[in-house]
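Trainee: Spelled out, the chains give:
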Amino acid sequence: MALSKVANKQAVQVGVKELTMIQAINDGLKTMLEEDPKTLLLGEDIGKNGGVFRATDGLQDVFGEKRVIDTPLSEAGFVGTAVGMALNGLKPVVEIQFLGFVYPAFEQIATHVTRMRTRTLGYYSMPMVIRAPYGAGVRSPEIHSDSVEALFVHLPGIKVVCPSTPYDAKGLLLASIADPDPVLFLEPMRLYRGKRQEVPAHDYRIELGKGEIVQQGEDVTIFAWGAMMPIAMEAAELMKEQGISCEVIDLRTLYPLDKAIIADSVQKTGRVVIIHEGHETGGVGSEIVSVIMETSFLYLRAPIEKVTGFDVPVPLFALEHTYLPTTERVSQAIQKVYSF
Amino acid sequence: MREKYPLLQIIDQEGKWLDESNEEGLLEEKVKQFYYHMLRIRTYDQKGVALQRQGRIGTYVPFAGQEAAQVGSALALGNEDWMFPTYRDHGASLTFGADLDRMLLHWNGRIEGCLPSREKKIMPASIPIATHLPHATGAAMAEGYKGTRNAAIAYFGDGATSEGDFHEGINIASVFKAPVVFFNQNNGYAISLPVEKQMNSETIAQKAEAYGIPGVRVDGMDVFAVYFAVSEALERSRSGKGPTLIEAVTMRFGAHTTADDPSKYRDQAEVNRIRDQVDPLLRLEKHMKHRGIWEMAWRDSIETAIQDELEAAIKRMETYEQPAVSDMFDHVFAEPTWTIEKQKQRILSTGGSS
Ligand SMILES: Cc1ncc(C[n+]2csc(CCOP(=O)(O)OP(=O)(O)O)c2C)c(N)n1
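Just so you know, the sequences run in chain order A and B. Residue 1 is where the first sequence starts when you use the UniProt record's numbering, and the numbers rise one by one after that. Residue 1 is where the second sequence starts when you use the UniProt record's numbering, and the numbers rise one by one after that.
So that you can see chain A by itself, here it is in the shape it has in the complex (with noise of 0.2 Å):
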């Protein structure tokens, strides 16, 4: 059931909340958890501590030992595990506690979250959730500070979502449990607690594979995701003082790609900036490009730019601005597809 954003929004005046993002991805848990007996939850120190971040706070408490899991320490294991629940007619929604710390459990899902509905024919499906906090920029150890999206979205079989602001991410876990197939829900742990935003207290779903223009834009447009979307705005900003308009659009669904939202606001603008923190080599802003090439090449005026992060490890913090796009980079490609 795909309702829309703005329907939504006015047809709740009541119940609604201010929340930060993490309080929103709490919200939308415990809403699920009300709502259907069959979905429950697993992970690392999920509940009597209610997640590192806190996004499982509280619920153990009312749901109980059953429903909120505090899972030994084995991604393996507990992905595992939920495959055998999904198969056997639950809604499991796992949380990996970082993003970096899923590759123990990459092989389950390469070889098992992602194919069981092909391996047999659709006769069994695999309706579960991985939520993963990820990205660089909170002084976070080694590894815990991953981008890997594309490693996903490249993998057949998953669908990839990356909400910017609480109101999204509460709209698109819920839509992503209640999807029939897996999907990785990467959450950007750089906005967990940056702005609050009015989240409507019910079960409202936002549709998966469809991005946003946040702003609309005639000259450049840029596109983004995740941790990334506050910089582009900002990029976008410090342009309209120089007098260049730039559309920003959120893809918020990483797999599959919002072909048509691409297409559109190229053909508007003929130039385009790509912003992710993940890898440039093979990350999802080169899957863009292709989708630009085949739809929209003639309408091109520049070639596109990608402010990506590099090739490299994510550094540890002392470097960790470096390795991320920035304002300033992302404003200096935008100068350059506009004045080429």
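Watch out, some of these pointers could steer you wrong.
Unchecked claim - Here are the simulated lysine-lysine pairs, DSS-like style, with alpha carbons at most 25 Å apart: (1) B:Lys146 <-> B:Lys241; (2) B:Lys197 <-> A:Lys38; (3) A:Lys30 <-> B:Lys177; (4) B:Lys16 <-> B:Lys32; (5) B:Lys4 <-> B:Lys177; (6) A:Lys91 <-> B:Lys197; (7) B:Lys146 <-> B:Lys120; (8) B:Lys16 <-> B:Lys286; (9) A:Lys195 <-> A:Lys210; (10) B:Lys32 <-> B:Lys120; (11) A:Lys30 <-> A:Lys91; (12) A:Lys306 <-> A:Lys210; (13) B:Lys197 <-> B:Lys4; (14) B:Lys264 <-> A:Lys48; (15) A:Lys259 <-> A:Lys306; (16) B:Lys264 <-> B:Lys197; (17) B:Lys197 <-> A:Lys48; (18) B:Lys30 <-> B:Lys120; (19) A:Lys30 <-> A:Lys66; (20) B:Lys241 <-> B:Lys177; (21) A:Lys268 <-> A:Lys306; (22) B:Lys197 <-> A:Lys66; (23) A:Lys306 <-> B:Lys177; (24) A:Lys91 <-> A:Lys210; (25) B:Lys342 <-> A:Lys336; (26) B:Lys121 <-> B:Lys30; (27) A:Lys66 <-> B:Lys264.
Claimed, not checked - Computed footprint of chain B on chain A; a stretch qualifies when at least three of its residues, placed anywhere within it, have a C-beta under 8 Å from a C-beta of chain B: (28) 97-105; (29) 251-265.
Stated by the list, open to error - Ranges between beta-carbon positions, derived for each pair: (30) B:Val332 <-> A:Glu234: 24 to 34 Å; (31) A:Gln242 <-> B:Ser326: 26 to 36 Å; (32) A:Ala260 <-> B:Gly164: 20 to 30 Å; (33) A:Tyr124 <-> B:Gln277: 48 to 58 Å; (34) B:Lys177 <-> A:Asn88: 34 to 44 Å; (35) A:Gly282 <-> B:Tyr145: 14 to 24 Å; (36) A:Glu234 <-> B:Arg273: 49 to 59 Å; (37) B:Glu318 <-> A:Glu234: 27 to 37 Å; (38) A:Leu87 <-> B:Lys146: 47 to 57 Å.
The set of hints was computed from the structure by calculation and includes no laboratory data. Ideal Cβ positions, reconstructed from N, Cα and C, are used throughout, including at glycine.
Since chain A is already given, all that's left is putting chain B with the ligand on it; use the hints.
Mentor: Leaving out everything else, chain B with the ligand in the frame of chain A:
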């Protein structure tokens, strides 16, 4: 299983001998060396927590309570042995000879902090849980191929025993009789999860049985017991008899990290209440007093020396030159690929730290 894998001790809580036959191996000088290292890493740990609270370093991982386990095991190693620590075993690394300055730089988010010492084969702390156990197996096997008598030790927590790599690392080591010691510090918690919910087995030592290797359960607050257990396991491995799994039962007094709030999952007041009764440093102090080898002047002098050493190192950390942007690019491959070279030039041309 607890009977089958009893908790080995050499001194009791009051510091009194339970097994005096070890006295010969624990002469005054050695005992003082143990105490010195434990005090050094305790002081370092307190500074680490304080520096983090003052915003002078990033997230810090405290180990207070685990000094005996880390010092006892590290001092049992031979100069040529390999150490594979986790993020919590910087006390062991420092004791074995890791560079204090580098250690501090690491907490300051500097990649230079991972640079290994030239004298000792100490690997950078493993952040992903249990993934370094197979590495220790491999390094140990390589020593075997080279015909040395060197061994390897891998450190890991109770939570790590749930990961596949724990099984895979030990299994391979046992099949090939690799000279490696798997040194577990069972501090009762993996972040918030108590060990009773981590596993259904009563002890970690008993897991050795499945691999056909010896399992040893030792009091991790008794530095002597740890020292002898690890020394014995190393000796065994050096003589070609393969790996040992050691469970050092210990206690982490504080939070999992400085970003963690233990009051969410455990009774911290209770921990604070029993802290003095179980503190491994106080236990050793009592022991030294029983033996009449405790001198306050000596204690004061080493404390002053340690404080001075730490203060100087912290000062160096805080005045260390700015990180070079090129460091991020120059060590990914022996020869940078064109992609990395291009990206490096691009960022350097914009001034580097934009
Ligand atoms: C593969 C992986 N998953 C999750 C984490 C996050 N994490 C860091 S420490 C920790 C608990 C580890 O507990 P334990 O092995 O008992 O060691 P301790 O920290 O108590 O020394 C967790 C879950 C991680 N570092 N690696």
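Trainee: So, for every hint listed, does it hold in this structure?
Mentor: Here's how the hints hold up against the structure:
no. : hint                              : verdict
1   : B:Lys146 <-> B:Lys241             : 17 Å, holds
2   : B:Lys197 <-> A:Lys38              : 23 Å, holds
3   : A:Lys30 <-> B:Lys177              : 51 Å, violated
4   : B:Lys16 <-> B:Lys32               : 16 Å, holds
5   : B:Lys4 <-> B:Lys177               : 23 Å, holds
6   : A:Lys91 <-> B:Lys197              : 23 Å, holds
7   : B:Lys146 <-> B:Lys120             : 18 Å, holds
8   : B:Lys16 <-> B:Lys286              : 8 Å, holds
9   : A:Lys195 <-> A:Lys210             : 23 Å, holds
10  : B:Lys32 <-> B:Lys120              : 23 Å, holds
11  : A:Lys30 <-> A:Lys91               : 14 Å, holds
12  : A:Lys306 <-> A:Lys210             : 21 Å, holds
13  : B:Lys197 <-> B:Lys4               : 22 Å, holds
14  : B:Lys264 <-> A:Lys48              : 7 Å, holds
15  : A:Lys259 <-> A:Lys306             : 18 Å, holds
16  : B:Lys264 <-> B:Lys197             : 16 Å, holds
17  : B:Lys197 <-> A:Lys48              : 12 Å, holds
18  : B:Lys30 <-> B:Lys120              : 21 Å, holds
19  : A:Lys30 <-> A:Lys66               : 14 Å, holds
20  : B:Lys241 <-> B:Lys177             : 6 Å, holds
21  : A:Lys268 <-> A:Lys306             : 19 Å, holds
22  : B:Lys197 <-> A:Lys66              : 14 Å, holds
23  : A:Lys306 <-> B:Lys177             : 51 Å, violated
24  : A:Lys91 <-> A:Lys210              : 23 Å, holds
25  : B:Lys342 <-> A:Lys336             : 17 Å, holds
26  : B:Lys121 <-> B:Lys30              : 23 Å, holds
27  : A:Lys66 <-> B:Lys264              : 19 Å, holds
28  : 97-105                            : holds (count 4)
29  : 251-265                           : violated (count 0)
30  : B:Val332 <-> A:Glu234: 24 to 34 Å : 29 Å, holds
31  : A:Gln242 <-> B:Ser326: 26 to 36 Å : 31 Å, holds
32  : A:Ala260 <-> B:Gly164: 20 to 30 Å : 42 Å, violated
33  : A:Tyr124 <-> B:Gln277: 48 to 58 Å : 55 Å, holds
34  : B:Lys177 <-> A:Asn88: 34 to 44 Å  : 42 Å, holds
35  : A:Gly282 <-> B:Tyr145: 14 to 24 Å : 36 Å, violated
36  : A:Glu234 <-> B:Arg273: 49 to 59 Å : 51 Å, holds
37  : B:Glu318 <-> A:Glu234: 27 to 37 Å : 31 Å, holds
38  : A:Leu87 <-> B:Lys146: 47 to 57 Å  : 48 Å, holds
Checked against the numbered hints given earlier, the structure breaks hints 3, 23, 29, 32, 35 and satisfies all the rest.
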